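**Student:** What follows is each chain in one-letter form.
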Amino acid sequence: MEVIYVRADRCVGCKTCEIECRIAHAEEKTLFAAVSQARPPKRRLFVEQGETGKAPVICRHCEEAPCIVDCISGSIYRDEQGFVRRKKERCMGCWSCIMACPFGVVVRDADAHIAVKCDHCPDLDTPACVAGCPTKALQLVDVDTLPRERRKELLLKKEV
Amino acid sequence: MERSTDKAVTHVLNNHKGGKQLQTVWDRYEAQQPQCGFGELGVCCRHCMQGPCRIDPFGEGPDRGICGATADTIVARGLARAIAGGTASHSGHALHMAHVFKKTLEGKAPDYAIKDEAKLKAVATRIGIEVEGRPVKEIALELADKALSEFGDNDKALIWAATTVPLGRIEVCAELGIVPTSIDCTVAEVMHRTTYGVDADPINILLGALKCAVADYTACHLATDLSDILFGTPQPVVSKANLGVLREEAINIALHGHNPLLSDIIAQVASEPELIAEAKKVGAVEGLNVVGICCTGNEVLMRHGIPLATSSVSQEVAIMTGVLDAMVVDYQCIMPAVATVAECFHTKVITTMPIAKMPGAEHVAFNEENAVESARAIVRQGIERFKFRNPDKVCIPQESSTAIAGFSAEAIIGALSKVNAEDPLKPLIDNIVSGNIRGICLFAGCNTVKVPQDHNYVEMVKKLLAENVLILATGCASSTYARHGFMTSEATKKYAGEGLAAVLTAIGEAAGLEAPLPPVLHMGSCVDNPRAVDVAAAVANKLGVDMSQLPVVASAPEAVTEKAVAIGTWAVVGGFPTHLGVVPPVLGSKLVTETLTATLKDLLGGYFIVEPDPAKAADALLAVIDERRAGLGLS
Numbered sequence: 002m003e004v005i006y007v008r009a010d011r012c013v014g015c016k017t018c019e020i021e022c023r024i025a026h027a028e029e030k031t032l033f034a035a036v037s038q039a040r041p042p043k044r045r046l047f048v049e050q051g052e053t054g055k056a057p058v059i060c061r062h063c064e065e066a067p068c069i070v071d072c073i074s075g076s077i078y079r080d081e082q083g084f085v086r087r088k089k090e091r092c093m094g095c096w097s098c099i100m101a102c103p104f105g106v107v108v109r110d111a112d113a114h115i116a117v118k119c120d121h122c123p124d125l126d127t128p129a130c131v132a133g134c135p136t137k138a139l140q141l142v143d144v145d146t147l148p149r150e151r152r153k154e155l156l157l158k159k160e161v
Numbered sequence: 005m006e007r008s009t010d011k012a013v014t015h016v017l018n019n020h021k022g023g024k025q026l027q028t029v030w031d032r033y034e035a036q037q038p039q040c041g042f043g044e045l046g047v048c049c050r051h052c053m054q055g056p057c058r059i060d061p062f063g064e065g066p067d068r069g070i071c072g073a074t075a076d077t078i079v080a081r082g083l084a085r086a087i088a089g090g091t092a093s094h095s096g097h098a099l100h101m102a103h104v105f106k107k108t109l110e111g112k113a114p115d116y117a118i119k120d121e122a123k124l125k126a127v128a129t130r131i132g133i134e135v136e137g138r139p140v141k142e143i144a145l146e147l148a149d150k151a152l153s154e155f156g157d158n159d160k161a162l163i164w165a166a167t168t169v170p171l172g173r174i175e176v177c178a179e180l181g182i183v184p185t186s187i188d189c190t191v192a193e194v195m196h197r198t199t200y201g202v203d204a205d206p207i208n209i210l211l212g213a214l215k216c217a218v219a220d221y222t223a224c225h226l227a228t229d230l231s232d233i234l235f236g237t238p239q240p241v242v243s244k245a246n247l248g249v250l251r252e253e254a255i256n257i258a259l260h261g262h263n264p265l266l267s268d269i270i271a272q273v274a275s276e277p278e279l280i281a282e283a284k285k286v287g288a289v290e291g292l293n294v295v296g297i298c299c300t301g302n303e304v305l306m307r308h309g310i311p312l313a314t315s316s317v318s319q320e321v322a323i324m325t326g327v328l329d330a331m332v333v334d335y336q337c338i339m340p341a342v343a344t345v346a347e348c349f350h351t352k353v354i355t356t357m358p359i360a361k362m363p364g365a366e367h368v369a370f371n372e373e374n375a376v377e378s379a380r381a382i383v384r385q386g387i388e389r390f391k392f393r394n395p396d397k398v399c400i401p402q403e404s405s406t407a408i409a410g411f412s413a414e415a416i417i418g419a420l421s422k423v424n425a426e427d428p429l430k431p432l433i434d435n436i437v438s439g440n441i442r443g444i445c446l447f448a449g450c451n452t453v454k455v456p457q458d459h460n461y462v463e464m465v466k467k468l469l470a471e472n473v474l475i476l477a478t479g480c481a482s483s484t485y486a487r488h489g490f491m492t493s494e495a496t497k498k499y500a501g502e503g504l505a506a507v508l509t510a511i512g513e514a515a516g517l518e519a520p521l522p523p524v525l526h527m528g529s530c531v532d533n534p535r536a537v538d539v540a541a542a543v544a545n546k547l548g549v550d551m552s553q554l555p556v557v558a559s560a561p562e563a564v565t566e567k568a569v570a571i572g573t574w575a576v577v578g579g580f581p582t583h584l585g586v587v588p589p590v591l592g593s594k595l596v597t598e599t600l601t602a603t604l605k606d607l608l609g610g611y612f613i614v615e616p617d618p619a620k621a622a623d624a625l626l627a628v629i630d631e632r633r634a635g636l637g638l639s
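If you're matching them up, the sequences are chains Z and G in order. Residues 2 to 161, numbered by the numbering used here, are exactly what the first sequence covers, in order. Residues 5 to 639, numbered by the numbering used here, are exactly what the second sequence covers, in order.
If we strip away everything but chain Z, and leave its shape as in the complex, we get (with noise of 0.2 Å):
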């Protein structure tokens, strides 16, 4: 499974990011006309400033997603690709979902009145944060791959 990486050591928390999540979800997908529309679309990642550096804070699908358990009107579900999701006609605005989350990365929608939270550009190959990442610092890598590269990353270094 694909999930987005963040270096936090390549942020350089320029935010372009947080810009280009809420262009993906945008009706017309320009950045003049997200700014102009009446309601502007919302950000579902968000760059922080830490003890030590910056980096964007992002939703990570978690398998045993707290906030499915706690969604109460079945607005939050899984998707077929495994990507944690929220029907927009289904949220009643309980915010089980935002006090649930160990991320601080569901929110409320003041103007719509519903939760937001990351969908992982469904209709993209690549989500809109990533593929906007100046720096790399985003980056979509397997799950299930991962852990080989980085058992062989150490060996390498072991070598040198």
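Among these hints, one or two may not hold up.
Computed list of lysine-lysine pairs in PhoX-like fashion (alpha-carbon distance at most 25 Å, straight line) [claimed, not checked]:
hint : chain 1 : residue 1 : chain 2 : residue 2
1    : G       : Lys546    : G       : Lys422
2    : G       : Lys24     : G       : Lys454
3    : Z       : Lys55     : G       : Lys454
4    : Z       : Lys55     : G       : Lys594
5    : G       : Lys454    : Z       : Lys16
6    : G       : Lys285    : G       : Lys391
7    : G       : Lys284    : G       : Lys397
8    : Z       : Lys153    : Z       : Lys137
9    : G       : Lys594    : G       : Lys454
10   : G       : Lys594    : Z       : Lys137
11   : Z       : Lys16     : Z       : Lys137
12   : G       : Lys430    : G       : Lys497
Beyond 12 Å from chain G on every Cβ pair, some chain Z residues (computed) [claimed, not checked]:
hint : residue
13   : Ser74
14   : Asp80
15   : Gly105
16   : Lys159
Derived, one-sided and incomplete: chain G residues facing chain Z with beta-carbon distance under 8 Å [to be verified]:
hint : residue
17   : Gln37
18   : Pro38
19   : Cys40
20   : Gly41
21   : Gln54
22   : Cys57
23   : Arg58
24   : Asp60
25   : Pro61
26   : Phe62
27   : Gly65
28   : Asp67
Worth flagging that the hints you see were computed from the coordinates, not collected in a lab. Owing to the predicted nature of the structure, the values given are computational and were not obtained by experimental measurement. Even for Gly, the Cβ is constructed at its ideal location relative to N, Cα and C.
Following the hints, put chain G in place on chain Z, whose structure we already have.
**Tutor:** Structure of chain G alone, referenced to chain Z:
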């Protein structure tokens, strides 16, 4: 992060009655986190509409912009434009002064006059105007024309630069091709060479930036000279500094900004019995209380002893005391947020300059041709607001420190002449040679939201004073030291090392103060930085060395503005190692960073030292001072 180390500012931040929705510079800073790394590194270019372009600092993405500009080119261009921005500001300030000076001589600005004839003659003589046997007005008119011509297209080196720095500096600048012939044409040249498709050689761009910084120095020096001629050369004056100078029973009017053309006239009219009576009539039993903020505050502090309320980063906090009836501003360093904060109180923010208006403020045009009437109208606006003051929102802190200010170069030489009338510089030089004064450090620049207010200044000065370094201060650096009690005789006893304390005591006693001089000398506003150069140049000339050999350093530990970048750069051109406590947006280019912090040392003697840690910065400056002393054969 702690917001301020100033107790008065902290008290108001914690206890103000402006309501929870009130936001200050510190809240807005937090909301901006994290800030864009491309901007922080200086590798974002928006100079053409094919862009914006960004260079990947990690080397995986683009290594040049669409036009082909590398990180080195982009960073150099950005720095040059910052210096041009600063120079344009000082040019605007100086040109404004020159216009009013000319109008005064032509009888078109009757409320201004030549207040300091001795300074007029000294400046005239220095720039080659015949003084002997000529009427004052004739000398002044020639001087005004020479001043105005500094801004236009000339073929000779700028007079205000060429006549105020030692010959050695002029030779170094001529060799590098960084001698400007016009203030404004040099700003325009930087804008030209950094626009799409002109100068791409980072070193050549940096040389253009250095030349522009010399133009900035010229504008600053010219502005200071004309201020002194029109309003008097500052002499030591005792006043108070910090928010505790605001008074519940008076109409409090804050003067904020930079140019004394407005603030000096308001300072004058504020003592008029009619206006004081009007203030009392509306219920302010203590009458009018005019206070200063930022650099215009320094101008009126030095010349009128007007107390200083606070400095630039905490300008909103003055309003949050709930007793500020009007904030009168001209230009530079005035945050548009003051009008928003004022909405939570009764304070009226009054803009006065045609080029500096802000939403939410009231604009009352200041007319130099009718200055006193204009000033009275502005003061009356403050008086009118008194009745809207809400007693429940009053939050005046206790803190204010005594501050001795007004140490112009002339005042320093004057004090020294009390020790040795025939050769005033001798006592200073003798004590530098003996090591009683290990070196001199000029603190300049702003207060930044990125550092707890004043922290870097105070930590550095304690260490340097203990090591017998004499401290000069200008701009918001001087405000900091005034607010923290470093501009008193007691501070000399408390902080100065043995040698320095002995010197300051001897001069203070000779000057009839019956107490030591303060260990930090308030030399004026930020535009007044050339006053420090005048002292250094006099010492260098007397010793027959170049300024780049003197144990003199500069520091802007909490710098903010483009003006500070310009001033810091001309300090480097002047041969002074210059510390910056905030990292400027240049680290995206190794070449530019290396040039500023190392290569310039070989070329100019001066260079930048970037060190955010104040203790390490003080150590670095002490090491430089010792290196310079060794170079002069002093132990």
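**Student:** Next step is simple, just say for each hint if it's right about the structure.
**Tutor:** Status of the hints after comparison with the structure:
Taking the CA atoms of Lys546(G) and Lys422(G), the gap is about 18 Å. The hint holds against a cut of 25 Å. Distance check on the hinted pair: Lys24(G) and Lys454(G) sit about 23 Å apart at the alpha-carbon level, within 25 Å; holds. The hinted pair formed by Lys55(Z) and Lys454(G) meets the criterion: a straight-line CA distance of about 16 Å does not exceed 25 Å. Among the hinted pairs, Lys55(Z) with Lys594(G) is consistent with the structure: their alpha-carbon atoms are about 22 Å apart, no more than 25 Å.
In summary, the hint linking Lys454(G) to Lys16(Z) is supported, as the alpha carbons are separated by about 20 Å, within the 25 Å threshold. For the hint linking Lys285(G) to Lys391(G), the alpha-carbon distance of about 11 Å falls within 25 Å, and the restraint holds. With a C-alpha separation of about 21 Å, the suggested pairing of Lys284(G) with Lys397(G) holds against the 25 Å cut-off. About 22 Å separates the Cα atoms of Lys153(Z) and Lys137(Z), which keeps this hinted pair within 25 Å; it holds.
Restraint check for Lys594(G) and Lys454(G): the C-alpha separation of about 24 Å stays at or below 25 Å, so the hint holds. Pair hint Lys594(G) plus Lys137(Z) holds up; C-alpha atoms about 22 Å apart against a cutoff of 25 Å. Note on Lys16(Z) and Lys137(Z): the hinted pairing holds, with a Cα-Cα distance of about 13 Å set against a maximum of 25 Å. With a C-alpha separation of about 24 Å, the suggested pair Lys430(G) and Lys497(G) falls inside the 25 Å cut-off, and the hint holds.
Every CB of chain G lies more than 12 Å from the CB of Ser74(Z), the least distance being 33 Å, so the non-interface label holds. For Asp80(Z), the requirement that its beta carbon stay farther than 12 Å from each beta carbon of chain G is met, with the minimum near 31 Å. The Cβ of Gly105(Z) sits about 16 Å from the closest Cβ of chain G, beyond the 12 Å cut-off, so the non-interface label holds. Residue placement check: Lys159(Z) keeps its beta carbon more than 12 Å from all beta carbons of chain G (closest about 25 Å).
With 8 Å as the threshold, the beta carbon of Gln37(G) comes within range of chain Z, its nearest partner Cβ sitting at about 4 Å, so the hint holds. For Pro38(G), the interface hint holds, the least distance from its beta-carbon to any beta-carbon of chain Z being 3 Å, beneath 8 Å. For Cys40(G), the shortest C-beta to C-beta distance to chain Z is roughly 4 Å, which falls under 8 Å, so the interface hint holds. Checking Gly41(G) against chain Z: minimum C-beta separation of about 2 Å stays under 8 Å; hint holds.
Because the smallest distance between the Cβ of Gln54(G) and any Cβ of chain Z comes to about 16 Å, over 8 Å, the interface hint for this residue is violated. Checking Cys57(G) against chain Z: minimum C-beta separation of about 10 Å lies over 8 Å; hint violated. Taken as an interface hint, Arg58(G) checks out: its beta carbon lies about 6 Å from the nearest beta carbon of chain Z, inside 8 Å. Contact between Asp60(G) and chain Z, as hinted, is supported at the beta carbon level, the nearest pair being about 6 Å apart and thus within 8 Å.
The beta carbon of Pro61(G) comes within 7 Å of a beta carbon in chain Z, closer than 8 Å, and the hint placing it at the interface holds. At about 6 Å, the closest approach between the beta carbon of Phe62(G) and any beta carbon in chain Z falls short of 8 Å, and the interface hint on this residue holds. Using the Cβ-Cβ criterion of 8 Å, the hint placing Gly65(G) at the interface with chain Z is satisfied: the shortest such distance is roughly 6 Å. Against a cut-off of 8 Å between C-beta atoms, the interface hint on Asp67(G) is violated, since the closest Cβ of chain Z lies about 12 Å away.
When each numbered hint is compared with the structure, violations occur for hints 21, 22 and 28.
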